[in-house]
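Build the full structure now, drawing on both the sequences and the hints.
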Amino acid sequence: MPARPADMTRGDLEPAVRLEDFTIRYGSFTAVDGAAFTMPRGACGLLGKNGAGKSSILKAVLGLIRPSRGRARVLGMDALGEGRRLRDRIGYMAEKETIFPGLSGLEAVILAGRLSGLPPLEARQRAHEVLFLVRIEEERYRKVETYSAGMKQKIKLAQALVHDPELLFLDEPTNGLDPGGRSEILDLLKDLVRKKGKSLILSSHILPDVEKLCAHVVLIDGGKVLREGSIAEMTGAAGRLYRLRLRGGSEVEPALAAEGWLREDLGNGEYRVFLPPEVPAERLFELALANGAQVRLLELERKSLADVFLDAVRGAEVSKERRA
Amino acid sequence: MTIEDFGFRSYGGPRLGSFPRIFAIASMDVRRFFRRKLFLIFFLACVFPAIMTLVFVYIRFVVIEGQGEIAGMGDVRALRGPGARLFANLTDVATTFFQPFLSFAMPLAVAYSAVVGAGSISTDRRSGALELYFTRGIRPSHYFCGKWAAVTFMICCQILFSYLAVWVIAVFLAPDWGFLEETAGFVPRWILAQGFFCTSLGFLVTALSGTTSSPRFAIMRWFGILVFLYALTRVLYRQLGESWFFIFSPWHDLRRVAEAIAGVEGVRGFDPYLALLGTALLFALGFHLCRKSMRPVEVVG
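Protein sequences, first through last, are from chains A and B. Following our numbering, the numbering of the first sequence begins with 22 at its first residue and continues without gaps. Following our numbering, the numbering of the second sequence begins with 96 at its first residue and continues without gaps.
FYI, nobody ran anything at the bench for these hints, they're computed from the structure. A few of these clues could be false.
Residues of chain A clear of chain B, computed beta-carbon distances all greater than 12 Å [stated by the list, open to error]:
no., residue
1, Arg94
2, Pro122
3, Leu228
4, Lys233
5, Lys245
6, Tyr263
7, Arg264
8, Arg268
9, Gly281
10, Glu291
Straight-line C-alpha distance at most 25 Å; calculated SDA-like pairs for lysine to any residue [unchecked claim]:
no., chain 1, residue 1, chain 2, residue 2
11, A, Lys324, A, Leu262
12, B, Lys132, A, Thr167
13, A, Lys324, A, Leu287
14, A, Lys164, B, Pro270
15, A, Lys216, B, Ser105
16, A, Lys164, B, Arg131
17, A, Lys173, B, Val125
18, A, Lys245, A, Pro229
19, A, Lys164, B, Ile136
20, A, Lys117, B, Glu276
21, A, Lys233, A, Arg156
22, A, Lys117, B, Arg234
23, A, Lys164, B, Gly336
24, A, Lys117, B, Pro367
Virtual Cβ for every residue (Gly too), placed ideally from N, Cα, C.
Given below as structure tokens:
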């Protein structure tokens, strides 16, 4: 296989996306307000309500938008200055129905490949391959207009993949798919990340999909970044959030407070306790024993991504109300 | 489903530049048209003047001047009766070759260009394809050039390539090289003129197509601009006797410039430089419409 050109390997160690003090204004309306985050290579989720600023960030990622302030670097390249070359290295799958009218599935994928600079023969060969990959090989000669919603999703994915992009931007990729198709697509995407080293940014309202696929998420609302980080940390899967049930030992509560750990009293002797990473769970047993309490339950508690998202949005709303 | 089951190859080869991408857009558009049976029927109807010219050429070179049965009739110009005038005219190059073109093919080009051009961008806009194009490694100008090239090629098929084919056939059908010598001076200028006409017509209809997401609406706008302004300027000319009014009619502008390139005497004394100015204004308006209507920021996301 021929070696990759120098510009294709440039910035391999750079994160997938880095926004710095990124602000986008449409007239007097601020769509993105000083957003700064880093999406590492691998699978990342971009979560936010409608109108949160996801589309504007997407346009920035694709190098289509000039920020009012700040800058965006994607795959180590300046998204605005090198937008065209950058888009050759990105695969984009739109949320809404986007088809090349009047073309068969195969022709549509060939055209997508050629628009990304693939030579005609290579584009044709790869189009057949990716159509097999997304499992619409039987219908590839049919016009795209006649496809079902699920097949249209798959053809969109094939178009996003045909030119072997380093970074995939997927906007609601499992929309309209039946559970089997959804699972197939998610497995395929997972394989692309794990076995082929692709990076992807998943924008989806189906949070279980994000949880299944992504290791890192960015939560945005009102044009601001609410939280960013690994899902494991956010949901407490790193082992720091425990559910603790005690019997007896009224001195435990002050003892927990004295340790300085974050906690929440759930009533009836139940607590939710955040332990710092360096503190082992055994410390809770020691504390209970020292204060004459009996540990009836100690389990790792994990928030769902939906909980994290809702908490973050609620937190932002509360702080906004307070400021008002 | 895993990658190993089906295979997903990495691609390490070169990425082609802008021109092959523009060509890909144009070629896919042309292919899409010629695959439709209904369009093929329409196309044949629009190239009917060229087919008629081919028949005239055949009658002149094979039947009259060749060894056909009518050859025994001697000098057809000396004939009397209803067919005599036709036969007499067929020996004149202008009548045989260019009259059907000017009288029929060019007016048909209005309807033909509407069909091939009005939907070129508006259909993409309606189906969301603009988002697919603009998120690839091309500029909106590349996309427009691809669409423009496709429409221009399609119009050329009707009023340039078809006649060129007839001319080549006529050259080889003629009993000697007389026809070639007779037309050799004019045909290159005629090709240039038609090239200009097709390119300009293609540009205008493609630019207009970008302003709406409804092909029908684009067709209505196209007819409105061409036919309405054509009729209006003719009425003004008749009433006031001033030929400069034709500058407001895109059809007259394009046709007059094409006539000037071909070295043909223009009708009604319309100054070709004024026509050129009108054409330049039309192009400026077309560029403005394109810039306004095809902004990726508004299409994507």
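Exercise. Does the alpha-carbon distance linking Lys173/A and Val125/B stay inside the 25 Å limit?
Worked result: Holds, at roughly 24 Å.
Problem set entry | Non-interface label on Arg94/A, tested against every C-beta of chain B at 12 Å | Holds, because the least Cβ-Cβ distance between Arg94/A and chain B comes to about 18 Å, which exceeds 12 Å.
Problem set entry | Given as non-interface: Arg264/A, partner chain B, CB spacing beyond 12 Å | 37 Å, holds
Exercise. Straight-line Cα separation of Lys164/A and Pro270/B no greater than 25 Å?
Worked result: With Cα atoms ~50 Å apart, Lys164/A and Pro270/B exceed 25 Å; violated.
For this session: Verify the proposed pairing of Lys216/A with Ser105/B, using a straight-line Cα cut of 25 Å.
Result: Given that 25 Å is the threshold and the Cα spacing comes to 12 Å, the pair holds.
Exercise. Taken at face value, is the distance from the CA of Arg234/B to the CA of Lys117/A at most 25 Å?
Worked result: 21 Å, holds
Exercise. If you draw a straight line from the CA of Lys164/A to the CA of Gly336/B, is it 25 Å or shorter?
Worked result: Distance of about 55 Å is beyond 25 Å: violated.
For this session: Find the nearest Cβ of chain B to the Cβ of Tyr263/A and say whether that gap is larger than 12 Å.
Result: Holds, because the least Cβ-Cβ distance between Tyr263/A and chain B comes to about 37 Å, which exceeds 12 Å.
Exercise. Hey, Lys324/A versus Leu262/A, does the alpha-carbon distance stay inside 25 Å?
Worked result: Between Lys324/A and Leu262/A the Cα gap is close to 9 Å, so the pair holds against 25 Å.
Problem set entry | Distance rule for Lys233/A, whose beta carbon must clear each one in chain B by more than 12 Å | 15 Å, holds
Problem set entry | Given as non-interface: Pro122/A, which should sit over 12 Å from chain B by C-beta | 4 Å, violated
For this session: Compare the distance between the alpha carbons of Lys117/A and Glu276/B with 25 Å, and conclude whether the hinted pair is satisfied.
Result: 60 Å, violated
The structure fails hints 2, 14, 20, 23, 24 (numbered hints given earlier, in ascending order).
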